[in-house]
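Based on the provided sequences and hints, a complete structural model is requested.
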Amino acid sequence: MSVANRGRQVLESGAEYVREHRRARLGLLVGIPASVLVAFFILPLLTMAWMSFLADMPPAPLTLEHYIRIFTGDTYITVLWRTAVLTVQSTIIVVVLGYVLAYSIARFTKRATIVLLLIILPFWTNYIVRMYALINIFQSGGVLDTVMILVGLANEPSGIMYSHTAVLIGLAYVWLPLATFPFYASLTNMDGDLIDASKDLGAGPIKTFLRVTLPMTKNGVIAGIVLVAIPAFGSFITPALLGGTNVLMVGMVIEQQFAASFNWPFGSALGMVVTVGVVLLIGVGSWLGAGGKLAGGGDE
Amino acid sequence: MSVLTISDLRKEFGDLVAVDDVNFAVDDGEFVSILGPSGSGKSTILRMIAGFETPTAGTIEIEGENVTAAPPFDREVNMVFQSLALFPHLTVAENIGYGLVESGVPEDERRERIAEMLEVVELSGYQDRNIDQLSGGEQQRVALARAIVNEPKIVLFDEPLASLDRKLRQHMQFELQRIQEETGITFLYVTHDQEVAMAVSDRMLVLNDGEMEQLDSVETIYDKPASKFVAQFIGDINLVPASIVEANGTDVTVDSRGNRIHVSDAAGRCVDAVSLEEGADVSVGIRPTGITLGDPDREDVFSVRGEIQNRGYAGDETVYTIDTEYGSFTANTEDRSYDIGDDVTVWWPADEVYLFAPETETASVSDGGGEP
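Respectively, the protein sequence lines represent chains A and B.
Here the first sequence stands for residues 676 to 975, numbered as in this note's numbering.
Here the second sequence stands for residues 162 to 533, numbered as in this note's numbering.
Possibly wrong hints are sitting among the right ones.
[Stated by the list, open to error] Partial list, computed: chain A residues near chain B (C-beta under 10 Å):
#1 Arg683
#2 Gly706
#3 Asp866
#4 Leu876
#5 Thr883
#6 Met891
Calculated from the structure, these hints are not laboratory results.
Everything numeric in this text was worked out from a predicted model, so none of it was measured.
Ideal Cβ placement from N, Cα and C applies to all residues, glycine included.
Now the structure itself:
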């Protein structure tokens, strides 16, 4: 009897040991990244939120004046609106081009890895260098003008530099590779038999795309949209270099508040507006991904 | 009337000839299996009929209409895929109704036909389930319903039962036969599993290396295989090298190392083109089920001594592997009285014998084998 009891004791203490130490291991596993997140993400975010309600650089009394300033005058509403328009436009361009690109790689390319490598290659080139390349192309008397006039498509310089179009092309160019990857991943994850099955059941290529391919790759599309829309919304280098002061985006204004005007509280308030907007975007995105339906899923 | 006519169908992938001038016709309401080892081209034939592959040469006619160049969505055939290919983002009803939506069937009728079809496959009330909530067998039924509900001329099956466990597969075989009889739709079933093919089909087409070996009823293919390949692929066969020592028309006596057997209807026992001349070499084939163990209870049998190497149970029968002077023999018998290591006499009568061309020669391929 005592032998049986001892055996059970040993077993129990062994189990307890494993349980405790698994907890400890789990704690370490989650704890380290969690504390990094808290220290370098959550705390700065809270600081920014707090600062956005300060009248001046701390210490200063609390106020709502920055938010009132943002939402009452035309200036910042215009900037926010322009930022939103550019974000939506560039996201649409990137999604359409990126999806077509990813689709053709996934379906019709034998050496997909090499093509994907070529797509990601510009990412290894410095961002500023790529922007200066675009400036060279767009500027008055630049590559674009020269070629257009040479070919006879235009008689005079396009004046595309420092315009809405230049910023839009710049944003689409920069974020296209990033969106292609989630599209490609979701397309290759999809069982090719589903496309055959759809055609076998009488659906042509377009119907098959709308009823099967697009709904099946919905999550990849949403991931791509979120990946592009968020950095596009906050971008400040691209509009600064390609749009100058003609195409002010909210990222540029925030950067100015922190780096030039030293009005950190107002910059923080603008930052909060952007953050809330982006969080809303992600919220809508994950709601769509979880349950909502994208076009073409129903019975048409 | 033939619902499907395949003429000189050929498919090459680069240098590889996947399907080599295949000809056959399937009658309306038939259940035909295409049986062959992997790589024999059976799935390629199916995919050409469905329209997913373009033939290199030859024609495919469905009810007399040439559809060789038609895209898959313009053919009145539906396929049950090996992977089933059910749409995971749609419900059971939406999956089954997919083709009906495309052909413009109004919603009320659609709902009705889906419900009817679910009844046929015994899944009534499953309309709103998601695909991932279904068991493997239920998914098979949905895939079948999705194909049949469109009332196609032919339903094509690409080994959909291969992933099921034995018991469920056997059950689904019966279900397939029942549903085929109920609907009267022509079924064309591709498989490498002779057991499934023999269980379900009216006729079987045996394919080897892209070429047709035989197209016949299940019984004929088993009893009168048209080639050594068919004999070996459909059920097992033991082979003994021999030569003809006496020939009198089709009445011959075969000798193998002193063992003699008298075959009176040799012409009817020939599988390949076998020379029945005196002195000609032949291979004597015997099915494992034709073998008896123990002392022969009659005259004029072929018998050989051996030692039991192995034994295994297959339901009512015991499968013995016997080491003989001719190599390893397989015997299926209800006799369980032998054990590993026992010496035993293995024998078979003349009416269980097949005659093949001798082993050393490459088996001549039957000339198309297309039966009327």
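Hint by hint, here is what the structure shows:
no.: 1; hint: Arg683; result: violated (40 Å)
no.: 2; hint: Gly706; result: violated (35 Å)
no.: 3; hint: Asp866; result: holds (6 Å)
no.: 4; hint: Leu876; result: holds (4 Å)
no.: 5; hint: Thr883; result: holds (8 Å)
no.: 6; hint: Met891; result: holds (6 Å)
Checked against the numbered hints given earlier, the structure breaks hints 1, 2 and satisfies all the rest.
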